[in-house]
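Peer 1: First to last, the sequence lines map onto chains A and B. Quick note on the working numbering: the first sequence kicks off at 1 and runs consecutively. Quick note on the working numbering: the second sequence kicks off at 213 and runs consecutively.
Treat the hints loosely; a few may be bogus.
Claimed, not checked - Here are a few chain A residues that face chain B, going by a calculated C-beta distance under 7 Å:
1) LEU11
2) ALA15
3) ALA32
4) ILE107
5) ILE126
6) GLY148
To be verified - Here are the simulated SDA-like pairs of lysine to any residue, each with C-alpha atoms no more than 20 Å apart in a straight line:
7) A:LYS123 to A:THR191
8) B:LYS272 to B:ALA342
9) B:LYS260 to B:ARG324
10) A:LYS206 to B:SER394
11) A:LYS49 to B:SER228
12) B:LYS420 to A:LYS59
13) A:LYS190 to A:ILE126
14) B:LYS335 to B:THR405
15) B:LYS420 to A:GLN175
16) A:LYS49 to B:SER230
17) A:LYS48 to B:GLY398
18) A:LYS5 to B:LYS418
19) A:LYS206 to B:GLY398
20) A:LYS59 to A:LYS5
21) B:LYS418 to A:SER171
22) A:LYS48 to B:LYS421
23) A:LYS48 to B:LYS260
24) A:LYS208 to B:LYS393
25) B:LYS393 to B:ARG324
26) A:LYS208 to B:LYS335
27) A:LYS49 to B:PRO231
28) B:LYS217 to A:LYS59
29) B:LYS271 to A:SER16
30) A:LYS181 to A:LEU116
31) A:LYS206 to B:PRO231
32) A:LYS59 to B:SER394
33) B:LYS217 to A:VAL3
34) A:LYS209 to B:LEU384
35) B:LYS271 to A:ASN17
The hints are simulated quantities; they were obtained by calculation from the structure and are not laboratory data. Every value quoted in this text rests on a predicted model; they were computed, and no experiment measured them. Built from N, CA and C at the ideal position, the CB exists for glycine as well.
Each chain, written out:
2 protein chains.
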Amino acid sequence: MLVQKTVTSFLNELASNSPAPGGGSVAALSGAIGAALTSMVCNLTIGKKKYAGVEGDMKKTLAQAEGLREQFTAMIDRDTEAFNRVMDAYGLPKENDAQKALRSAAIREATREATLVPLEVMKHCIDAMALAQDVAANGNAHSVSDAGVSALMLNAACQGAALNVKINLNSLDDQEFVAWKSDEVGSILKTSTMMLEETMEIVADKLKKDGV
Amino acid sequence: MLVQKTVTSFLNELASNSPAPGGGSVAALSGAIGAALTSMVCNLTIGKKKYAGVEGDMKKTLAQAEGLREQFTAMIDRDTEAFNRVMDAYGLPKENDAQKALRSAAIREATREATLVPLEVMKHCIDAMALAQDVAANGNAHSVSDAGVSALMLNAACQGAALNVKINLNSLDDQEFVAWKSDEVGSILKTSTMMLEETMEIVADKLKKDGV
Numbered sequence: 001m002l003v004q005k006t007v008t009s010f011l012n013e014l015a016s017n018s019p020a021p022g023g024g025s026v027a028a029l030s031g032a033i034g035a036a037l038t039s040m041v042c043n044l045t046i047g048k049k050k051y052a053g054v055e056g057d058m059k060k061t062l063a064q065a066e067g068l069r070e071q072f073t074a075m076i077d078r079d080t081e082a083f084n085r086v087m088d089a090y091g092l093p094k095e096n097d098a099q100k101a102l103r104s105a106a107i108r109e110a111t112r113e114a115t116l117v118p119l120e121v122m123k124h125c126i127d128a129m130a131l132a133q134d135v136a137a138n139g140n141a142h143s144v145s146d147a148g149v150s151a152l153m154l155n156a157a158c159q160g161a162a163l164n165v166k167i168n169l170n171s172l173d174d175q176e177f178v179a180w181k182s183d184e185v186g187s188i189l190k191t192s193t194m195m196l197e198e199t200m201e202i203v204a205d206k207l208k209k210d211g212v
Numbered sequence: 213m214l215v216q217k218t219v220t221s222f223l224n225e226l227a228s229n230s231p232a233p234g235g236g237s238v239a240a241l242s243g244a245i246g247a248a249l250t251s252m253v254c255n256l257t258i259g260k261k262k263y264a265g266v267e268g269d270m271k272k273t274l275a276q277a278e279g280l281r282e283q284f285t286a287m288i289d290r291d292t293e294a295f296n297r298v299m300d301a302y303g304l305p306k307e308n309d310a311q312k313a314l315r316s317a318a319i320r321e322a323t324r325e326a327t328l329v330p331l332e333v334m335k336h337c338i339d340a341m342a343l344a345q346d347v348a349a350n351g352n353a354h355s356v357s358d359a360g361v362s363a364l365m366l367n368a369a370c371q372g373a374a375l376n377v378k379i380n381l382n383s384l385d386d387q388e389f390v391a392w393k394s395d396e397v398g399s400i401l402k403t404s405t406m407m408l409e410e411t412m413e414i415v416a417d418k419l420k421k422d423g424v
């Protein structure tokens, strides 16, 4: 598993001349980092007298952020596996028509899966950004910059996953599927951009007002 | 060292109720990930017949990206150390005027350092984004989405580091230093946003044109 590697050796593997892990796994990792930072802000808020009023909310947000972190973490490997399956399909023999048909079907199936993994990452990003916004607005003011970084990592995850959906859609023939998923990507991206802007405004406002 | 931990245990430490590592270290990590992805695109371009014309450029870009990755990686720990020094300074005794003066000076000094580390991350991000843009424009077209994710991670690193500069500037009294560094942050952020837009346009254009 990629996440059992040290950070250094993960980075080495990323930089290497092997195409996986690549941008898709990085998007999932960025999501996991963003969720972890939201959890940290929850943990730095829970138990503080000053924030007793939001303790229940923070505990709920923490549980959700940890759930999303787990999902993002699993998708770091899932994206690389999906990519490898596409490569495997391209490597199938194509010496006669029967083989060619089998190979095409395998490529199509693997590419659809490789499209759906980053699309799932994108959806989780939107859920996680709602939590980042919550901790930016209601969490420990001393950690408001961390809430902002959380939202930035989640938005980068969402935008990065979108590029991976798109590059995979490009090699699919099924125009109905492509149009459907392209629309989905467009609307999720719009939401992510909007949520990031809102959260960054909350953060900027707190950085000014509280002088934290 | 944080980067000697596994990805999973780094994420666990991030999510924990300890304020460091936090957003500052994450910004540096995001920079390292972005630089590593640019290196990957170089490595997937070098040695390919189709890209023989840019081989020299890609080798130079790879060397620079790897140099920046090393610097970003070192700054993951440096940011956490700088934060811990601020906390240590706040923990100094303040029972008499002499102690108070010493404590104030120590806090000021540590906070300045904690401001300069993320500011350095921001500057490295601009250098790295120029490389990401180069590989998006000239690197292997099959990896153009990775070049895009590289730019996204570097921009998130830059914006995230900026929040860490700002939150530290907020607790400094030296108005001249604060104004100077705030200006610097503003102009680097503008550059980062512009470079990201340019790179994302190159990526979108290639995703359309090449049908890669």
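Peer 1: Now tell me if each hint is right for this structure.
Peer 2: Hints versus structure:
{"no.": "1", "hint": "LEU11", "in the structure": "holds (5 Å)"}
{"no.": "2", "hint": "ALA15", "in the structure": "holds (4 Å)"}
{"no.": "3", "hint": "ALA32", "in the structure": "holds (6 Å)"}
{"no.": "4", "hint": "ILE107", "in the structure": "violated (15 Å)"}
{"no.": "5", "hint": "ILE126", "in the structure": "violated (16 Å)"}
{"no.": "6", "hint": "GLY148", "in the structure": "holds (5 Å)"}
{"no.": "7", "hint": "A:LYS123 to A:THR191", "in the structure": "holds (10 Å)"}
{"no.": "8", "hint": "B:LYS272 to B:ALA342", "in the structure": "holds (13 Å)"}
{"no.": "9", "hint": "B:LYS260 to B:ARG324", "in the structure": "violated (47 Å)"}
{"no.": "10", "hint": "A:LYS206 to B:SER394", "in the structure": "holds (16 Å)"}
{"no.": "11", "hint": "A:LYS49 to B:SER228", "in the structure": "holds (19 Å)"}
{"no.": "12", "hint": "B:LYS420 to A:LYS59", "in the structure": "violated (45 Å)"}
{"no.": "13", "hint": "A:LYS190 to A:ILE126", "in the structure": "holds (10 Å)"}
{"no.": "14", "hint": "B:LYS335 to B:THR405", "in the structure": "holds (13 Å)"}
{"no.": "15", "hint": "B:LYS420 to A:GLN175", "in the structure": "holds (15 Å)"}
{"no.": "16", "hint": "A:LYS49 to B:SER230", "in the structure": "holds (17 Å)"}
{"no.": "17", "hint": "A:LYS48 to B:GLY398", "in the structure": "violated (34 Å)"}
{"no.": "18", "hint": "A:LYS5 to B:LYS418", "in the structure": "violated (33 Å)"}
{"no.": "19", "hint": "A:LYS206 to B:GLY398", "in the structure": "holds (18 Å)"}
{"no.": "20", "hint": "A:LYS59 to A:LYS5", "in the structure": "violated (30 Å)"}
{"no.": "21", "hint": "B:LYS418 to A:SER171", "in the structure": "holds (14 Å)"}
{"no.": "22", "hint": "A:LYS48 to B:LYS421", "in the structure": "violated (55 Å)"}
{"no.": "23", "hint": "A:LYS48 to B:LYS260", "in the structure": "violated (58 Å)"}
{"no.": "24", "hint": "A:LYS208 to B:LYS393", "in the structure": "holds (16 Å)"}
{"no.": "25", "hint": "B:LYS393 to B:ARG324", "in the structure": "holds (10 Å)"}
{"no.": "26", "hint": "A:LYS208 to B:LYS335", "in the structure": "violated (24 Å)"}
{"no.": "27", "hint": "A:LYS49 to B:PRO231", "in the structure": "holds (17 Å)"}
{"no.": "28", "hint": "B:LYS217 to A:LYS59", "in the structure": "violated (27 Å)"}
{"no.": "29", "hint": "B:LYS271 to A:SER16", "in the structure": "holds (13 Å)"}
{"no.": "30", "hint": "A:LYS181 to A:LEU116", "in the structure": "holds (9 Å)"}
{"no.": "31", "hint": "A:LYS206 to B:PRO231", "in the structure": "holds (18 Å)"}
{"no.": "32", "hint": "A:LYS59 to B:SER394", "in the structure": "violated (35 Å)"}
{"no.": "33", "hint": "B:LYS217 to A:VAL3", "in the structure": "holds (10 Å)"}
{"no.": "34", "hint": "A:LYS209 to B:LEU384", "in the structure": "holds (15 Å)"}
{"no.": "35", "hint": "B:LYS271 to A:ASN17", "in the structure": "holds (13 Å)"}
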